[in-house]
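*Asks:* Each chain is listed here by its residues.
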Amino acid sequence: MKKLGEILASHQPFSEIVIGNAAIARAMLEAGVRVVTSYPGSPTPEIAEALNALPKESQPPYFEFSVNEKVATEVAVGASVNGHLSCTFFKSVGLNVAADTFVQLGLMELIGGMVILLGDDPGANSSQNEQDNRHYARLAYIPVFEPANAQEAYEMFKEAAALSQKRRMPVIVRLTTHVCHAKAKVRFQGWQPRPLDNTPRFDVKNGPYIPISASVFPLKRRALEKLSDVAAYADASSFNAMTDFQNGRRGVITMGAPFLSLMDALEDVTAKPDILKLGIIHPLAKEKTLAFLRQHEEVKILEELDDVLEREIKALAFEHGLPVRIIGKKDIDDWLGEYTPDKVAQVLYKTWPDLLAKDEAKGAPVASRAPRPPQLCPGCGHRSAFYAVKQALKESDITVADIGCHTLGFLPPHQMGQILLCMGHSSATASGLSLFNQERRVVAFLGDSTFFHAGIPGIINAVFNRHNLLLIIMENGTTAMTGHQDHPGVGKNANGATDAIPLRRVLDALGVTNIREVDAYQQSKLRSLVEEALLESGFKVIIAKHPCMLKLTKEMRRRGQFRGRRVTIAPTCDQQHACIAAFACPTFQRTADRQVSAHQDLCIGDGSCLQTCPTHAILAPSDSAAKGGASHD
Amino acid sequence: MTEHKFDIYITGVGGQGIGLFSEALIRAADHAGLVVGGVDTHGLAQRGGAVVSHVRIGPAYSPLIRRGCADLAISLESYEALRALQEYLADAKTLLYYDVRWQPLSVRLGKESPLTDDFIRQECLRRNIREIRVAPESLTDSRMQNTVLLGYLAKEALIPGVKLQHYEAALNDLMQGSMLEQNLALLQKIASA
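Here the protein sequences come in this chain order: A and B.
So in our numbering, spot 426 of the first sequence is number 426, and the numbers just go up one at a time.
Just add 633 to wherever you are in the second sequence, counting from 1, and you've got our numbering.
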């Protein structure tokens, strides 16, 4: 068996099939990164997995999952101003959380260097929006590299780290979902670990590090000067390269994964447009761009998400009085979704209808039946909780969702959670919903990792300002949605044992006085606690606890302790379908003639469904033999 | 570099081990000396949503296959097999699927009718697609269903240039101990049946 960590730590040059995120971990070793911080969020957590797999003797960077993205950024900044090359990474919307810190970074002399890895998510594969973080880079005067595949991710990270160290400035490497996860054989260079230098080099002489009033302007000037230098560097960089098809008429300027889609979409085209692929996408390599604009009559700006590049290039052409026709986005569709090969073919067809055959541009989209949205796993405590909570609520009550697995409760049949903004918003949004509102009771949900991440201020506010709502904290003991990372309530961090910070004690200390706790599997108790709490005024909290069963069963399987147990359906089943239609564990399957069975591969035998059957026809695994239950699959 | 492109579209449900399956395919193609790449598009699929993996052999750029252009569709589950067939498989190509059914929510809620045995077959006939349906068999671990499909890939030589020894080498890269032994034995049994 190949061990990823050992392979990635090899001193010899090698080639290996890896995803982009794993290639980045090797690049960190070669670049000499000392400190890496993160908060888990798709598409980036596999970077942490690869780092954690590195053997100790390879001197991997110090790594931590910080409490949230803002804290992660700050820890990385602290390391950098002390002389260590650092890196922080998180998902697209994580930058919103980090933004208050992030926008200051361009002003700082980061003597050790610092790379910010952003996992943007065009197509909103696993995010609440598809925000284009290139806007933030412009806002904060920070350069951006954008790789198209795993090979480039590896090479660009090293280049970004070197640039960052040399110019003592933050540098962004912007990844997108299908660059993070794309698998390919990557050629890695040889590498020898350097001796570690732990000297604390923080010195105010490298500053000033206090941006107050007048000192802001020299810092801003310096940030702009650095950025202007990087523009010249971008002009010289081979990451900004032209693919020459000898087409004097048409050209395309693009970047990242859309470049790959473009090459596929042009596969059968004979008169291919020339392509300028930008690898350093901010600041713009002006000379290279101008040369490309001068060489063509028409240039299409092919960019995923927003029109950042289009505006800049149009302004540049205007400034230089160029006759070239620049074609940007044609309609709102061009702003939406990932630029897959199919999407790029559509965009090209709108741009140059003669270039592609219409069929070629369409792809073959067939609407298929029975969509399969993600759902709560068999045995999930959230399902049990939603089932009980729903019974305690009136149709007119308002439920506020937060981020995490429990967000999936918004789907039928539970439909718990009717509004969602971002991590930790629920208590405060629910507080606002409760104002002037005597008729409709307001219930907010919050996960435990999110509680620590951004949930606490909204709770303090609810206590401080005496808001009237019920907060149900769904505590499953992990950061489940992103792959079971530990959080501060667990007693473990990315490096081993640590002191647990029990959620209940935090609530007590914050002055929350109305708190109830229950195991999420105790449905009737939870239901009556919710009914009771909703009769009281003020800020109430119910902690509905059950360990993440996916995590638990995975660990049991790893240890060889998992026994295939499952519930069975007794012949007394009279097909009321509460298990399927109201409880909705994916285990329950129905035949065309309405019979119910428990799925052999899905049921984990947890029994949280037993209470839902009005005729007690769901038999627990140990009862099955005794009562003669049968399975119908 | 291989001359011809061969695109494989793989589907399943979160939890079926599609990531390991596609990794095995990619590694097998690599062991066969082919240029290969791909991507898993999982999103939130760990929670029982549809999972897709694209594997591209030959001179491709994007890791993503175009709709209606796959040379081979493989599914670990029947509803997803139908989806792969309708959305990604080209006419007159091959569909290989393991016939277990994890009903989607709309079927469990009774809003859509369950898939009938005949439906996929008729669709394949209509589009001149070779249908290879693998009937479920009793396995010690349901995740070994994936290995059964690898066995069919080897037995029927469904991926040009990739042979049994390459699938074996791929499993050797990915597993060890008794898990490796069990999977190799199953692979060889199916491939030589």
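There could be a bad hint or two in this list.
Claimed, not checked - Estimated spans, in silico, between C-beta atoms of each pair:
#1 B:Glu814 x A:Arg138: 33 to 43 Å
#2 B:Lys638 x A:Ala236: 29 to 39 Å
#3 B:Glu814 x A:Met556: 54 to 64 Å
#4 B:Gly810 x A:Val463: 28 to 38 Å
#5 B:Ala790 x A:Lys350: 19 to 29 Å
#6 A:Ala236 x B:Leu742: 51 to 61 Å
#7 B:Gly810 x A:Pro547: 25 to 35 Å
#8 B:Arg763 x A:Thr498: 50 to 60 Å
#9 B:Ala790 x A:Thr498: 30 to 40 Å
#10 A:Lys492 x B:Gly794: 29 to 39 Å
To be verified - Okay, derived cross-link-like pairs now, DSS-like style, lysine-lysine, Cα gap no bigger than 27 Å in a straight line:
#11 A:Lys554 x A:Lys2
#12 A:Lys3 x B:Lys796
#13 A:Lys185 x B:Lys822
#14 B:Lys822 x A:Lys2
#15 B:Lys796 x A:Lys2
Bear in mind the hints are in silico, worked out from the structure with no lab data behind them.
All of these numbers come straight from a predicted model, not from anything done at the bench.
All C-beta atoms in this analysis are idealised placements derived from N, C-alpha and C, irrespective of residue type, glycine included.
*Asks:* If a hint holds in the structure, say so; if it does not, say that too.
*Replies:* Hints, one by one, checked against the model:
no., hint, in the structure
1, B:Glu814 x A:Arg138: 33 to 43 Å, "violated (56 Å)"
2, B:Lys638 x A:Ala236: 29 to 39 Å, "holds (35 Å)"
3, B:Glu814 x A:Met556: 54 to 64 Å, "violated (22 Å)"
4, B:Gly810 x A:Val463: 28 to 38 Å, "violated (54 Å)"
5, B:Ala790 x A:Lys350: 19 to 29 Å, "violated (42 Å)"
6, A:Ala236 x B:Leu742: 51 to 61 Å, "holds (60 Å)"
7, B:Gly810 x A:Pro547: 25 to 35 Å, "holds (28 Å)"
8, B:Arg763 x A:Thr498: 50 to 60 Å, "holds (56 Å)"
9, B:Ala790 x A:Thr498: 30 to 40 Å, "violated (53 Å)"
10, A:Lys492 x B:Gly794: 29 to 39 Å, "violated (46 Å)"
11, A:Lys554 x A:Lys2, "holds (21 Å)"
12, A:Lys3 x B:Lys796, "holds (24 Å)"
13, A:Lys185 x B:Lys822, "violated (30 Å)"
14, B:Lys822 x A:Lys2, "holds (24 Å)"
15, B:Lys796 x A:Lys2, "holds (20 Å)"
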